[in-house]
Every structure is written in structure tokens, then in C-alpha cells.
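Chemist: Sequence:
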Amino acid sequence: MRRQLARRSNCQGRGSTAARGWSGVIRDDGGVSSHSVEREDKYEVEQTFRLPDLTTLVPPGGRLEKATRRLTSVYFDTAERDLLGRAITLRRRDDDSGAESGWQLKLPAGNARTELSSPATESRVAVPHELAELLTGIRRGRVLRQFATLRTERRATRIWSGEGELMVEIADDHVFSAATGGAGARLDQWREVEAELGPAGNEKLLLTVGKLLRRAGAIPSRSASKVARATGRDLPAAANDGVRDASRKTKSRGEPPLTAAEVMRRYFAQQDDVLVMGDLALRRGEPAIHSTRVATRRLRSTLRIFRALLEEPRAAAFDAEVRWYASVLGKVRDLEVQRTRLLAAVAELPPGWVVGPVVLRIEDYMKEALETALTELRQAMATPTYIALLEESELWAVEPAISRRGESGTKILLRKVKAAERKTDKHLEAGLAGKAGAQEEEMHEARKSAKRARYATELLEPVIGGKQVKRRAHKHTRLQELLGEHQDSVVAAALLCDLGAAASAHGEDGYTFGLLFAREKAIAQATLEATRRL
Numbered sequence: 001m002r003r004q005l006a007r008r009s010n011c012q013g014r015g016s017t018a019a020r021g022w023s024g025v026i027r028d029d030g031g032v033s034s035h036s037v038e039r040e041d042k043y044e045v046e047q048t049f050r051l052p053d054l055t056t057l058v059p060p061g062g063r064l065e066k067a068t069r070r071l072t073s074v075y076f077d078t079a080e081r082d083l084l085g086r087a088i089t090l091r092r093r094d095d096d097s098g099a100e101s102g103w104q105l106k107l108p109a110g111n112a113r114t115e116l117s118s119p120a121t122e123s124r125v126a127v128p129h130e131l132a133e134l135l136t137g138i139r140r141g142r143v144l145r146q147f148a149t150l151r152t153e154r155r156a157t158r159i160w161s162g163e164g165e166l167m168v169e170i171a172d173d174h175v176f177s178a179a180t181g182g183a184g185a186r187l188d189q190w191r192e193v194e195a196e197l198g199p200a201g202n203e204k205l206l207l208t209v210g211k212l213l214r215r216a217g218a219i220p221s222r223s224a225s226k227v228a229r230a231t232g233r234d235l236p237a238a239a240n241d242g243v244r245d246a247s248r249k250t251k252s253r254g255e256p257p258l259t260a261a262e263v264m265r266r267y268f269a270q271q272d273d274v275l276v277m278g279d280l281a282l283r284r285g286e287p288a289i290h291s292t293r294v295a296t297r298r299l300r301s302t303l304r305i306f307r308a309l310l311e312e313p314r315a316a317a318f319d320a321e322v323r324w325y326a327s328v329l330g331k332v333r334d335l336e337v338q339r340t341r342l343l344a345a346v347a348e349l350p351p352g353w354v355v356g357p358v359v360l361r362i363e364d365y366m367k368e369a370l371e372t373a374l375t376e377l378r379q380a381m382a383t384p385t386y387i388a389l390l391e392e393s394e395l396w397a398v399e400p401a402i403s404r405r406g407e408s409g410t411k412i413l414l415r416k417v418k419a420a421e422r423k424t425d426k427h428l429e430a431g432l433a434g435k436a437g438a439q440e441e442e443m444h445e446a447r448k449s450a451k452r453a454r455y456a457t458e459l460l461e462p463v464i465g466g467k468q469v470k471r472r473a474h475k476h477t478r479l480q481e482l483l484g485e486h487q488d489s490v491v492a493a494a495l496l497c498d499l500g501a502a503a504s505a506h507g508e509d510g511y512t513f514g515l516l517f518a519r520e521k522a523i524a525q526a527t528l529e530a531t532r533r534l
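Residue numbers (full-length UniProt numbering): 1 to 534.
None of these hints come from the bench; they were simulated from the model.
Hints may be right or wrong, so weigh each one.
With a Cα cut of at most 27 Å, we get these calculated DSS-like pairs of lysine-lysine [to be verified]:
#	residue 1	residue 2
1	K475	K418
2	K475	K521
3	K470	K411
4	K211	K66
5	K423	K448
6	K475	K423
7	K448	K475
8	K42	K66
9	K521	K418
10	K66	K106
11	K367	K411
12	K367	K521
13	K42	K204
Okay, the calculated beta carbon distance ranges per label pair [said to hold, decoys possible]:
#	residue 1	residue 2	range
14	R86	L64	20 to 28 Å
15	L343	H35	27 to 35 Å
16	T48	E165	31 to 39 Å
17	K204	A320	51 to 59 Å
18	E312	Q439	46 to 54 Å
19	K418	P350	27 to 35 Å
Built from N, CA and C at the ideal position, the CB exists for glycine as well.
Construct the entire structure; sequences and hints are all you get.
Modeler: Have a look at this one:
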């Protein structure tokens, strides 16, 4: 969209611009019935463990309650365990008290977890559509099936405030599990204690509970969740599958030297993680457009700058798929940026310079555009093409298509980055020396080249270290900021032409839009001058 609008920044050839609309959401938690944040600490205990005296935690006017419940939880995941691999759990729970019966999806949220709940359904094996849809990207379209059943006898101690609000629940759980896996059924039983904050609780209270439990012999759990322990996912990485962690920045002593292939694989894996977690965030209505779009740019940068180290057919095909998704995301993001920019520009004008319903005109124009762009994004994320993109991204994260040259040492990566830097300089020199039409084209290419060079430099971190990456990337970042501001001003000028024309067509004074147009042209020129001084 930036290029389409930029070509019309001289206010000629007016027509309808892409769309208008609010920045926004894909869904609002997918239509689930409730949403809560769970903050708990888990402890491992022996079968002979005795809970300490918890009456000391009861505040004045408060009370302590005890209750026993029996829970049966059936967990669902793909055959590849896509959910567990990202600390996500999906279960159907039967609670003999009725308090927690239904479907629950738990998502990581820092040191807490977000729980999305849906009512119990007639089918005990079919995941509710709204939850399955939220997980589309995480599971990459794969089928969710039952894989573990946990039966828990819970002796819960609840502490209430003097105002009648729950402060904390300490659950003493006896767990019996049966999980399926590659080696057949896995049966286990254990005892554990969970301390979960209620609405009236705080971190200080959780720490106090933890001290009491540890003094009584409890130790912090090594498992992220009950189902993780039931399936053996709490074991050290080496005992699981031996796959090296893609996020590690440096190699451990005794490991073979890094190859260009391994450095690229790690970078592909990092971007794949952003893509699939971004999918979940978008479906929940969280602001993940920008981070997801940046991941697509990083992927494309790697696929292009290091193309000689990759197998051409697969690299070209993956690049085309990523380019398609990036363009859909870009339409939304560019509109978000322009809406914020134009409204801020109006707010800076003296009141007497704002003639007519300028803000309303901008808001209406951008609202419709964003609604259109978001609809296109929703439709794109529901296509087989999108699922195929996520599947291909996973392949590149695990076993990228590397050519023989890419199996060599890492020096070749630095050579490719230097070549990308020279390409940026070439476009920049041509842009600064060119005339109006050619200048815009070359400056746009210089901006894109600077981004690619910056992302390619980031990939080198396991090779040259964070300080060197930061130093090398500084020039690209500053150039990218200036050229990005230049491009944004060119796009804003084109939008202001359309807005001014729409205002005039409705009999409104276009004075303010003219002022804003002149401002954007001045900004574009100023950024060019600043670029020359770099």
C-alpha cells in the first residue's frame, strides 16, 4: 500500500484509496465465555507430606475453609504436541462440585497464565469450535485429539479476606495420570501442592505461603503443569529429543563449531515462533500486527540476502508465500501508522487552523479502510494457503533447505551481510542524486535494503556477539528511521490529497488538509537532507 499511495503524492490522478478503519482485532477471544489470569506456584511433595498450619495467614475478620473435590481432566493436543511445546494446555474438566466443569485453554503470560473457558459440551471428544479456531496457527491446522487423562483428588484450603474476597487457595493434590505417546501408555501418580492467588491476594502473600510450604518440606516443581509431568515433558531437554534449543545465542563447550546452516536455522526458528504466537495473539484481538509483520520481513531478508546458501526452488517458493502474508499484514499496519500520524498532526495545529470536521473526516476515512484491511486479513488467515505457509515455516525452523555452500563455516554469512550493506549504499547514493520521480523509487529501495541489511546483521549474533551486532546495526537503524519517516510522509501526503478531495466533494473547506499536505512535503524534504548528512 505504501508504494501504491506514494506514487500519487503529487495530488494528481485521485481515486479511492484502499480503505479506512480502526486498528484492530481478528476476534475477541474467539467467543469464549470467560477469561481470567491465573497466578500460582507449584510444589513437589512426598506422599507423607503434611501441610503446615495455615491459620496464621487468615486476616482479621477473614476465614479459612476446607473442601475436597474430585477432578477428571482430559487433555487434547496434536500428535506433534504443538500445544505442550509452547506451554499451552487444552482440557475438558469434570468437577464433582461443578465449579470448574467445562473446557479450559491455558496460555502462558509471563509468570502467570491466562485461562479461557468454554461451557461443557455434549461431545466429550470434539473440541469446541471457538477454542480450536483460536489455536489454528499453533497447531498449524493439525487435528486435536485426546492424549492424556488425569484424575485428581484435591483437598483445598481457601483463605478469605474480611470483606469476603478470596485471597489464596492452597490445593493439596493426589494425581493419577494416563498418557499416550510414541512408546505406548505412560502411567504415573504423584502428590503436589499448588498455591493460587485469588482476586484479593498479592505476590507478598504467595511468597509467604511458599515459605511455609518449603519449611514443611515442599520443593518448587520442575514441571510446568500436571500434564507436562504426565507426559514426561518436564524432563531435561537432553532426555526428551536431543534437539538443540533454537533460541540459544552461543554454543556450549564441547559442541561442534557453528555452521552457517545452524545459525540460519536458529534464526528461522525464532521467526517461526513469532509467526505462530502472533497468530494466536491476532485471533485473540491483541496488537500483534507489527511484530508479526517484522517476523515476515526478517524471514524475507534471510531468504534473499543468503539465497546463495539455500536450495533455490524451496527458498523462492517460501519467499513468495511470506511476501503474500506480509502484504496483507502491511495494509493493516500502514493504515494504523497513518491514522496515528494524521490525528497527531491535526492536534498540533492551532485551533483556528482546523477548519471544518477534519478529525471526523480522518476518522471515518481510516475506519472504513482498516475494516476492509482487517477483513482481508481474517479471510487470508482462514485459507489453505496460510496453513501451508505455517507448515513450510515449521520445516525451515527444523530443517531448512540449505545448499552445500551453507554447510560451511560462518564467515560466508559476514560476506553476504557486507554485500547487502554495499547494495544499500548504492541505492542511497542513486536516490540522493536522482530527480523527483527516480529519487522516490531509489529512496524506497534504499529503505528496504537498509532493513534487510539490519535484519541480516541480527542473524550474526551467535557468530560475532551482541556488541558487534549492535555497532554494525546502528547505521542501518538510523538510516532506516530516516528513510521510513520520508516514506511515511510521502504516503501521508497522498492520503491528504484524497481526504482534501473528499472534503471538497462534500462542500467542506479543504484549507486544513492543504496545510497538512505542505507539512508532509516539508518533512519529506527535511529527511532527505538529514540522510545526506549521515
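Chemist: Enumerate the violated hints, using their earlier numbering and listing them in ascending order.
Modeler: Violated: hints 9, 11, 14, 18, 19.
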